[in-house]
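A.B. asks: One line per chain: the protein sequences are A and B, in this order. Letter by letter, the first sequence follows residues 0 to 587 of numbering that gives the first Met the number 0. Letter by letter, the second sequence follows residues 0 to 192 of numbering that gives the first Met the number 0.
In case anyone wonders, no lab produced these hints; they're calculated from the structure. Predicted model, so just to flag it, every value in this text is computed and none were measured. Ideal Cβ placement from N, Cα and C applies to all residues, glycine included. Just so you know, not all the hints are guaranteed correct.
[What the hints assert, rightly or not] As a list, the in silico EDC-like pairs of lysine to aspartate or glutamate whose alpha-carbon atoms are at most 20 Å apart: (1) B:K44 - A:E397; (2) B:K44 - A:D429; (3) B:K44 - A:E385; (4) A:K508 - B:E131; (5) A:K514 - B:E131; (6) A:K509 - B:E181; (7) B:K112 - A:E172; (8) B:K44 - A:D404; (9) A:K174 - B:E178; (10) A:K508 - B:D103; (11) B:K173 - A:E385; (12) A:K508 - B:E181; (13) A:K152 - A:E88; (14) A:K509 - B:E131.
[What the hints assert, rightly or not] Derived DEER-like restraints, expressed as beta-carbon distance ranges: (15) B:T13 - A:N396: 23 to 29 Å; (16) B:K112 - A:A161: 23 to 29 Å; (17) A:V104 - B:Y149: 51 to 57 Å; (18) B:D191 - A:R490: 49 to 55 Å.
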Amino acid sequence: MSEGAPEVKVSRSTSELHSLLSERFSGAVRPAEHEGLVVAADRLVDVANYLRDDHGYSYLACVTGVDYPEPASGHPARFEVVYHACRSEGEPIVLRVHADRADPVVPSLVPVWPAAGFQEREVWDLVGVRFDGHPDLRRILLWEGFDGHPLRKDWHEAYYEADQKPFPSRYPEGKPAAAEEGTPWKRNLRLPPGWSVKGWQPEDEAVYGTLDEEEGGNGRVAGTDRVVINMGPQHPSTHGVLRLVALLDGETIKELRPVLGYLHRCHEKIGERNTWLGNMPYTDRLDYITSMANNFGYALAVEKLLDIDVPERAHYIRVIMAELTRVINHMVSIGFVCNDLGNYFTGMLYALQERELILDLFEMTAGSRMMCNYYRFGGVARDVPEGFVPMAKELVNERLPRRIDELETFAVGNDIFRARTMGVGVLPADVAVAYGCTGPLLRASGVPYDVRRADPYSIYDTFDWDVVVRYEGDVMDRVMVRFGELRQSLRILKQALERLPAGPIDSGKKRHNVKVPEGEAYGRIEHPKGELGFFLVSDGGRNPYRYHVRAPSFVNLGVLGYLARGQKIADIVAILGSIDITLGEVDR
Amino acid sequence: MTYGLGLAKSFWVTLRRLAITYWEDIRFLGRRYRPENLPYRQSAKGRGVMTVQYPKERMTLPENYRQFPFLLEEPGADGIRCVACGICAQVCPPQCIWVERATDSQTGKPLRKPSAFYIDVSMCMSCGLCAEFCPSDAIKMDHDYEIAAYQRSFLWGLDRLVRPLDHHAQIHPKAHSAEQAERRRKAAQAKDG
Chain A
0 MSEGAPEVKV SRSTSELHSL LSERFSGAVR PAEHEGLVVA ADRLVDVANY
50 LRDDHGYSYL ACVTGVDYPE PASGHPARFE VVYHACRSEG EPIVLRVHAD
100 RADPVVPSLV PVWPAAGFQE REVWDLVGVR FDGHPDLRRI LLWEGFDGHP
150 LRKDWHEAYY EADQKPFPSR YPEGKPAAAE EGTPWKRNLR LPPGWSVKGW
200 QPEDEAVYGT LDEEEGGNGR VAGTDRVVIN MGPQHPSTHG VLRLVALLDG
250 ETIKELRPVL GYLHRCHEKI GERNTWLGNM PYTDRLDYIT SMANNFGYAL
300 AVEKLLDIDV PERAHYIRVI MAELTRVINH MVSIGFVCND LGNYFTGMLY
350 ALQERELILD LFEMTAGSRM MCNYYRFGGV ARDVPEGFVP MAKELVNERL
400 PRRIDELETF AVGNDIFRAR TMGVGVLPAD VAVAYGCTGP LLRASGVPYD
450 VRRADPYSIY DTFDWDVVVR YEGDVMDRVM VRFGELRQSL RILKQALERL
500 PAGPIDSGKK RHNVKVPEGE AYGRIEHPKG ELGFFLVSDG GRNPYRYHVR
550 APSFVNLGVL GYLARGQKIA DIVAILGSID ITLGEVDR
Chain B
0 MTYGLGLAKS FWVTLRRLAI TYWEDIRFLG RRYRPENLPY RQSAKGRGVM
50 TVQYPKERMT LPENYRQFPF LLEEPGADGI RCVACGICAQ VCPPQCIWVE
100 RATDSQTGKP LRKPSAFYID VSMCMSCGLC AEFCPSDAIK MDHDYEIAAY
150 QRSFLWGLDR LVRPLDHHAQ IHPKAHSAEQ AERRRKAAQA KDG
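So that you can see chain B by itself, here it is in the shape it has in the complex (with noise of 0.2 Å):
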């Protein structure tokens, strides 16, 4: 009696989301797949298809996307901020940081900087766990997303995992913000106590 009904109701359902597809083409006048409306295709506002054109055209990440860990490198003198305490190496769930804390060559004491930072990236889940717990915000989590290669040497040394201070900045300009109020805050209290 009514079997063919719920059937058509169905048909209905794609029938109408193939609809909008083309009266949002028609409404934004062929304009709809420019960048400047690619955040309302992919809002929840949005309708019809959500693709994005990958590569042509790239989601914008959210400052706490992670991607792979890197070092930062303060500019001037004062070079990589990491004073080899290795919390990083500690907290690492797959155990794919190894630190190798530098040694004075006359005295033989330990200093508070690495001679050797390596990360397997092969092994590394990004997790972001040794950003999170690092005390002297010295490894950030990164956005690079594009980490296809041709060789397969994972193994990122200092050469690899150290960038600059703005990279970080760039990215995370939020939390880059946050930091520097809260070191200068430090360092004036250092300075009066």
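Pulled out of the complex, with its shape left as it was, chain A reads as follows (with noise of 0.2 Å):
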């Protein structure tokens, strides 16, 4: 916020907007029982419009849903959809609605942040609450035919044991039955009541007639045919199953949806019937190119519902190993991109060359090179064993800072990369922050925004960095972002190995079935791709109530359409790899 900006009363504190809120919408707003303010469901569009207009939360985060079929002090049964709104620096401002479990509707707050368009249809799809004035409410990661909504509570899978693990047949009588036995042919999957496949219509028609159809007629216009194409799910340059429905005129982009889901597996539903420890090796499977920042995001939360404190060597690991797996993002992303404009594996293997050294690093300490399941509530699992911190120094010192100049040499400084990338794909920040986008997508659109900075964690304060901007916001920029970021990684990494104190690595005794206190907790961290967010619900139990993964690789295809609009369908593959994005993550 500048000096001049006109002076409105802009509160400095969260506990001061709310007593504005409550001021101003008196009635429909009250403070929640955890945190935040639960604002009456007809109010909500307003509230949202004053906060991001009056107040500069301009930048909607989170959007979830939590189930509560119990009536439970002083409530009814009911469903609570969660918001976490942020401006520039600070926390989140968490904003919550009810909806009447029997028939939940709840206002749609796409008009006011685009971002809640993916974020509104993902929680539709898997609570099942519908939001009045979405412009596209589909189902997003499962199948049309799906049914039922399966992160409600009531909602069993078809080879339900119990809700909560550990299951009572592990131990201590033990009698063991193989996966498929459990789950036979034809009973292996949920069907709605009397659905046939006769008859049924699939998908595809549902997500062409979202697709603009503006003139109309016998489909030409000027001379072009009008053709729909489907990219993927078996695409090369999708980065995984990714399906693209593009609308074409001659060979500009129209219109154009990503169609998800096709890795989706049920994440958050097995992430609450696992312990809370349980979690942490699945989180390593969200994005498999950087499980050492999902361990971290996971256990940030986790440990904001303990309040517990992790002792300085373990920030200090936890810092290096998340400063790693930026390096191995940012570069096999760069690489990932060439690869896209046609550079066959050339900047691709390049990077994964590097990238391997520091699956080394990864491999000695925690055991794993890509599932490295390393962070545990109040610091890590084991201590960095000999010889690491001097290959460490060896990498950042030396040979890092060389590949990635050659690389940039290669890469950037290529006329070709050049003349496919500078002016394409370009996103105006306003557009960007509306959007929900984060990372690098964001910064290169001119938002100096970093969570490691703007609500700084661990010990990113007492480091020496900068936050990598620049202003062009087309594919280009995103790559020259990464290139920065990569090396204000080594700077941060330098800095830390240089440091690096000795003492414990974890903070008391380890727990296996840890019980966490009731609460709620929204924890976030600068990942590579974005603002990875982990927004957890404890009843007191040793099991997550609801858990919830606000995915950046998710959150940052929501702009894609606005992107290919008018672009050619074949920089829509260049446009694709600058957002960076790990199915992984996106389908969850």
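From these two lone chains plus the hints, build me the complex, please.
C.D. replies: Structure follows, in structure tokens:
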């Protein structure tokens, strides 16, 4: 906020804002049980507009739903939709809306924050809350014929065993059953009652129906044919099983819809069955390029609930691992952009080669190259072994700076690369913020927003580093932001490796069945791809009551439709590559 | 004007990489792919291609590497270390461990050993939590990564899971000696107290 801005009654703290809101919307706003405010559904859009326009909450971070099937503490049975909105610095503000469990309807916030588009669809899909006024409320992760909404507490999977792990059948009378015996053929999925494949309209129709056909008629405009093409789900350039349905006018894209969910594996439902600790290895599998960063986010969120401190050495090790992960992710991402532009695997393999050496460090420390499962609540799993620090120093001080320069000469210096990326897929700053974009995608559009700076966590405030920002917002700038961040990560790593203190790596005794006090927490980190948030609700037990992942790839993908409009079909691949998504995280 | 210069620089990177690879071969006089030079090729100092000619050559695994759990068997009459406390079965995130606690056939009281122990390795994600939280150092993570099989039965029982202590000492030398020292200290303490 600059000095010259007109002075409005801008609240400095969240509690001040709460009182301002209660004053202005008296009767419609009241403090929530845990954190934030409960807003009456009919005033939600007004409150959101007021927050956005008068208080700078221009960025909606996270939307999710929680099911409370039992009436409790003065509330009837209800769904609660939880919104986390942020401004340029500080904690998010939490808004909650209650919806009747029999007929849950909440006004859509897409007109206020387009970032709600994908996330409200996800809430509808998984929790079953309808959003009144949403322009395109369809299922997003599951298929159209899916029976029910799986994150409701009364929804049970076909191979349901118990609500919570550990399952009683495992001990002391462990009688094993092979996985496929528990889920025999034809009983391993649930279909709506009376559902038959005959006469069922496949989802394609629904998707095509949403494509904009303004001219209509014979489908011919200015001599070019209108064609709908499907790119993916099996396509080498969609970085996984992503499907893009594009309406083409000649070679220009009129409209594009990403179709998701081909890699959906009920991450959140599994997360609610798991114990708190048992979720840690599952987070590795969200964005499998950056498992250490995922661990970090989850550990932070649970530590907020547990209210425990992390020893100094563990903080340093965590930062070292997280920044090494950022180096991996950005190098691979740049390599993939090279690949997508037709530079077949040369740049990619240059990047992967450096990744292998960093993975060696992960393997010697955590025991696994990709599925690290390394962070624990209150510390890390084990200390770094002998030989880690010298090798990491060699990499950070000697090898990686040279290799990053080399990759930059190779990719960005190349005239063909420049011609293909400059001015392509331009994302203006206001659109980027409105769509909830975070990470390099946002910073390339001129918004210097980095969670490590805006809402510092761990010990990032003790290091000397800069937020990288560029202003064109095209594919080239996204690549350049990543190059800048690679160098900043190396800067942080140099300081961290130099100052790595001795001491314990864990706060006290390790517990396998940790109980988490009742409460709610939203832990967020600056994941290499953007803001990774974990929204957790605990009922005081050994398992999360609600476990939601605010995945940066998923939310960033929401802007693809905007970016694609008017672009050539060949450039979509470059734009998608520059957003940098991992389908494991998009589909969860 | 300068169009083409960047392209030339970009190609120069590729050409340099290619040249370095051949130069490395010459520098090592044909011995670059000998086993003694593998650590150099795989290190941060290594130049040129870093491909490992698997399965002719293998990388040395770090001690912390983990792939599937196994149960430790002490030499002599002690048998397996497992006391059937069930913590591994409880902590296992995908719930692929089944432990059946043995009971005394005379009194019907539970004994401190398992009568059956199963791990469904098709579900196991090798996260290592069972080994991390085992209070009696009875379950450890193996280094066996060549796990392709002809049959579909991945339910490993005691016959497949139990491996001798020597195996553990071999693949985890540092952890093993630390554990043995700790066990000796505890035993001495128990004797004194």
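A.B. asks: Next step is simple, just say for each hint if it's right about the structure.
C.D. replies: Verification of the hints:
1. B:K44 - A:E397: Holds, at roughly 9 Å.
2. B:K44 - A:D429: Answer violated: B:K44 to A:D429 is near 45 Å, above 20 Å.
3. B:K44 - A:E385: OK: B:K44 and A:E385 at ~18 Å, within 20 Å.
4. A:K508 - B:E131: Between A:K508 and B:E131 the Cα gap is close to 12 Å, so the pair holds against 20 Å.
5. A:K514 - B:E131: Satisfied, since the Cα-Cα distance of roughly 18 Å is no more than 20 Å.
6. A:K509 - B:E181: holds, 18 Å
7. B:K112 - A:E172: holds, 13 Å
8. B:K44 - A:D404: Roughly 17 Å separates the two Cα atoms, so the pair holds.
9. A:K174 - B:E178: Status violated; Cα separation ~31 Å.
10. A:K508 - B:D103: The given pair, whose Cα atoms are some 33 Å apart, is violated under the 20 Å limit.
11. B:K173 - A:E385: holds, 11 Å
12. A:K508 - B:E181: The given pair, whose Cα atoms are some 17 Å apart, holds under the 20 Å limit.
13. A:K152 - A:E88: Given pair A:K152, A:E88 is violated - Cα atoms ~35 Å apart, limit 20 Å.
14. A:K509 - B:E131: holds, 10 Å
15. B:T13 - A:N396: 23 to 29 Å: holds, 26 Å
16. B:K112 - A:A161: 23 to 29 Å: holds, 27 Å
17. A:V104 - B:Y149: 51 to 57 Å: At roughly 56 Å between Cβ atoms, B:Y149 and A:V104 fall inside 51 to 57 Å, so the hint holds.
18. B:D191 - A:R490: 49 to 55 Å: holds, 54 Å
In the structure shown, a violation is registered for the earlier hints numbered 2, 9, 10, 13, in ascending order.
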